[in-house]
Amino acid sequence: MKTHTCSVSFSINGEKKTFATRPDEKLLDLLRREGYKGTKYGCGQGTCGACTVIMDGRAVYACLLYAMQAEGRKVRTIESMGTYDKPAAIQVELVAAGAVQCGYCIPGIIMSATALMETEKDITDEVAKEYMDGNLCRCTGYEKIWVALRRTIDRAAAAPAQEASVKRGKK
Amino acid sequence: MKRHELAKHLKQVNTSVTKIDAMQLALGKDSYVADFLPKDALVIKMLWSPHAHARIKKLDVSRAEKMPGVKCVLWHGNVPRIVHCTAGQGYPEPSPYDTFMFDNKVRFVGDRVAAVAAETEEQALEALEAIKVEYEVLKPVFTLAEAMAPGAPVIHDEPEAHVPIPITYEPKKNLVAHVACEAGSFKKGMAEADFTFDQTYETPYAQHCPIEPYTSMAQMTPAGRILITTSTQVPFHCRRIVARTLGIPVQKIRVVKPRIGGGFGCKQEILLEDVTAMMALRTGRPCLWRFNREETFRTGRTRHPFHIRLRTGVKKDGTITAIALECINNTGAYGGHGLTVVSCSGGKTLPLYHCDNILFDGKSYYTNLPVGGAYRGFGATQAFFAIESLMDHMAEAIGMDPLKFRQINHIRPGEGSPIFQALGEGREGLPMTVGSNALGECITQGAEAAGWEKRQDWRKKTGRYRRGIGMCCLMQGSSIPDIDMGAATIKINEDGSFNLNVGATDLGTGSDTVLAQIAAEELETTTDKMIVYSSDTDMTPFDVGAYASSTTYLSGEAVRKAAADAKRQILATGAEMLGLKAEDVHCEDAHVLSADGSKKVSYSDIANYSLYQKNQYQIIGTASHITKKSPPPFAAHFAEVEVDTLTGFVKVLNYVSTIDCGTAVNPTLCEGQTEGGTLNGISYALTEEYLFDETGKMQNASFADYHIYSMRDRPNIKAILVPSYEDTGPFGAKSVSEICINGPAPAIGNAIYNATGVRLNEFPFTPEKVLAAIKAVKR
Amino acid sequence: MKLCEFVRPESLAQARASLRKLGPKGLPLAGGTALHFMPGKAPVTAVDLTGLKLSYIRQKGAFFEIGAATPLSDIQRYRGARWAMHEICRRISTHQIRNVSTIGGNVCRVFPWADLPVVLLAMNAKMVIYSGKMKEMGADEYFSSQPARLFRGGDLLAAVKIPVLKAHHGFGSVKAARNAAAFSMVTIAALLELKDGRIAAARVAAGSAIPFPKRLPSVEAALAGKEPSAEVFRAAAALAGNDAKWCKQEGMSADYIANLAEVSIVDALERAAQFASGRTK
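Protein chains in written order, with our numbering: chain A, 25 to 195; chain B, 28 to 806; chain C, 2 to 282.
These aren't lab readings, by the way, just hints derived from the structure by calculation.
The beta-carbon is built from N, C-alpha and C at its ideal position, and this holds for glycine as well.
Hints may contain errors.
[Unchecked claim] Part of the chain A face toward chain C, derived, beta carbon under 10 Å:
| hint | residue |
| --- | --- |
| 1 | F43 |
| 2 | R46 |
| 3 | G132 |
| 4 | K153 |
| 5 | D157 |
[Stated by the list, open to error] Just a sample of chain A residues kept apart from chain C, beta carbon distances all over 10 Å, derived:
| hint | residue |
| --- | --- |
| 6 | N37 |
| 7 | G59 |
| 8 | K110 |
| 9 | A113 |
| 10 | A181 |
Can you build the whole structure from these sequences, using the hints too?
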């Protein structure tokens, strides 16, 4: 049986696109080939998290998924998270905390952290760790990453309250 | 002012400036080797040896060469046979020349057989399957005892194998290196002791596990040169070794190191670049070779396993009268770093405690197992497990608190050790006295943070889960004195920014930032004015690279000197502009000022003046630096563990890592080094190991089976920076990166003892080993 | 295996028809995270099961019904009355895997290290198989050997039904692994039914250190009729060797694993007893 070339359509960082692919191509390879190179190869076995992207709101390993499995879905990569002018809160905190050493794991860490913060409310340490257990880092011992993550979560949790209190103050 | 407060007046150094590349990496911008892959690049795949020891009788690549997409196949029949050493060390290397690009013999499971470059990875893999190899399987050597046995199979029987410097090397006996020394008389010291000890220890294999695997790319430039973009800690050594291996001039090669996804020592090795360069040369196409994770485990470099015998004598009052440290190192199939790792196992450990009678004997042997290399800690990690385990044991025997036993014995500022001179790296070291040393304060602060006073004797503990606290003390070095050299140039731009070009290699540690801070401090400007460009053999001055804890101390001082050179020029031009003499002006806040500050001119104005207006010239400073010392950083580590006495599972609850790294140039980055190295050490102590089958093949070559810690596994780690001031380092700095990995194995081992009363002389402390020891005590 | 074609049926019937037609060349694909463990180059057509609306958890009478394509993270996050499935799901692999890997994928092809079959055996779950119509099969029969035998004609697992535990039921599971994301060295699950302070019935299952997950009848028999206590649990666990021949794991000997299994059985039973007394954490 020959491998057929085929196409897959999905939303990538908010843009609907169609890509030529093959049934055995992994999503990671497609993304990197198409220029989304912030998503990294670390193991190719779904164990290190460097390739983490968000698909329909969930953090997934792009190195395990076949590109065809993304059909009709919404995929987000690190490229959608922020820019020099407007970095995401988690990016700001990671940089400020000194959590970026070699940085190779960091895009994946950001994607998992984003999925965590978009999915859960009142995030306990235990839940946060469960969301982050699929992203390995060998440089930092996770201390600074953890500080940055906790700070981002806590600030986001405090933010609406602050806004509300400001509004009340105006009255 | 107290010595450790000397850094307090500094503005750029001793400040947690944001790491300069952090946002680039957090945004996911193209940064690493594979991110720069041209569209038309070929993919390289290697056929690896399935045998631990075999001669290749026949190798037929003719079918593979004709397969679709295949552009080139390399094997020992079509490449130059040039013996070399893959270790990225100074030249000539203190390591044997025992490696060929391809050989007609394979020496471990995962050794090179033949390489294919093809249009796609799939085509390359298919071509590998079409290569026919006939092996004559030879008897393998898997243990040190087998390697040392008379009549053992000779792993390196090729006539070319030799060492380029006069050191012991006897390949016919599988002996890679032997180094020995004695200070005082060990025998006499043992006779003076009230208690004597004789213990053996085993330390395991481990892999560095950078999240970016080994990755290398090569392409031909329009000028006909080879551009190698590679994930390396040693770009200049890479250029030299690739030139030798391919038999081409250094001039033909440019090595560029982009951002690196971690190294920890494993990328101090020229493991891919010779083949990628040769493929580019043969095909004229860009070629990428990236190890997958399994290859990184099997073929990548590892930490040398050690067999250690340690004998000591101690008096009742705590005086250590004799130490004999005998280390035998399994270097695997090739001998790079075989001598230096074993000599550092003595040189970076034995000066730590006072003792008049010290004997050291270090040997390194070949086996048919994965190849040892440089790994953070570099021999000290292995030896400190033995020394710091036995320190606890000795303290117990004389009835002294193990913390106090270390306090009364550790080296003080102003003291030397005969070991510093006796054990160098490939040659004698330099005599040295310790300048900065805050170990005493490290012990005090660490003990307080770890709650040492609440520590109880293990005999008072009951129940299934038992907690214990253990500690250890450590030292390392900062660069290789008289051997390592780093250099830097710095030039000014119109807006008062500076290009800082350094050979030093940032492999994710943040050294570009640290060096920028040092330059800014010396130049009296701010770190954000520095544009750092590092490690490009065409564009930056030389540096040996990132190893031996050298970058901050050695390359940092080169940067400081280069900045001072530029500053002299800035002062001269500034004085000229102000109509003053150079000796009557000074720099402050990116300006040159008159003595009373009434007249001043900015760096930007000075740059414009010197570039465009009068007596034009480029303000550019350059400097090189070598060191005469390798000042040790010091550390005290404390581990609190909980042992499940029914299953033997050990959980680290809290860990305190103190460190005296002199002036912390960037405290946040120093903490990051310490926390990261400590966690690596913790998983090395508990869960990391190489499991081999009977053929010598690693059985657990994946992150699913080789266990490094995730955020969910991590215990609380508290890093405490204890300042001192090292006069010979830039603004008082010495090294920080390696020392921290040495502590967890002994500290956790000692904590297990404090919890349960069992001492383990072998790690990782697997549940089975811990449980067996507990059961043995019960009996 | 090598994916050469990719089809996306829209109903169970369509999926079954595709798989029947493809025979051994068809590969039912849900999360696909296990394909990594199936090397080789046999060409297959992937039949994507994620469009069949099989991802759900709902309580139906005395059962929780979990759709076969429900990812493990959904089971981990779900909360229902006396719900116990999250305990094991939070211990399986990593977050990204739990987001993709499905309960069906975990039990249709049973890998030696699989945790869910152990739990489902202890829970006495019912497996709902689609063969043109829905039929139910008890976990004991389903896990009597590799379930592939049940799916040769294109039949598919549609759902798993977990009994809603009653007040006198206690459940506990234990996974011993080197770290949070590691494969299990030993997994034990235990369901205790208490009556008048005694164990009326017990289901104890083991996995990972044995070739295929199974119940431990000697252990169960030793518990029946006894008052739950540490000594009773220990005595029962000591009989596990009659039911299972433990294998070496992670470089550790079979003897060690046998000890680990016994301790884990006691721990699982204690958790189950605590669960029955109202503690569900």
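Status of each hint after checking the structure:
Restraint check, F43 (chain A) versus chain C: the minimum CB separation of about 14 Å is more than 10 Å; hint violated. A hinted interface residue such as R46 (chain A) counts as satisfied when its beta carbon comes closer than 10 Å to some beta carbon of chain C; here the least separation is about 8 Å, so the hint holds. For G132 (chain A), the shortest C-beta to C-beta distance to chain C is roughly 9 Å, which falls under 10 Å, so the interface hint holds. The restraint placing K153 (chain A) at the interface with chain C holds, with a minimum CB-CB distance near 8 Å, inside the 10 Å limit.
At its closest, the beta carbon of D157 (chain A) sits 5 Å from a beta carbon of chain C; the interface hint therefore holds under the 10 Å criterion. Distance to chain C confirms N37 (chain A) as a non-interface residue, since its nearest Cβ pair spans about 19 Å, more than 10 Å. No beta-carbon of chain C is positioned within 10 Å of the beta-carbon of G59 (chain A); the least distance is around 23 Å. Annotated as non-interface, K110 (chain A) keeps its C-beta farther than 10 Å from every C-beta of chain C; the closest such distance is 27 Å.
A cut-off of 10 Å between C-beta atoms confirms that A113 (chain A) is not in contact with chain C; the least separation is 20 Å. Every CB of chain C is more than 10 Å from the CB of A181 (chain A) (nearest about 19 Å), matching its label as outside the interface.
Of the numbered hints listed earlier, the single one contradicted by the structure is hint 1.
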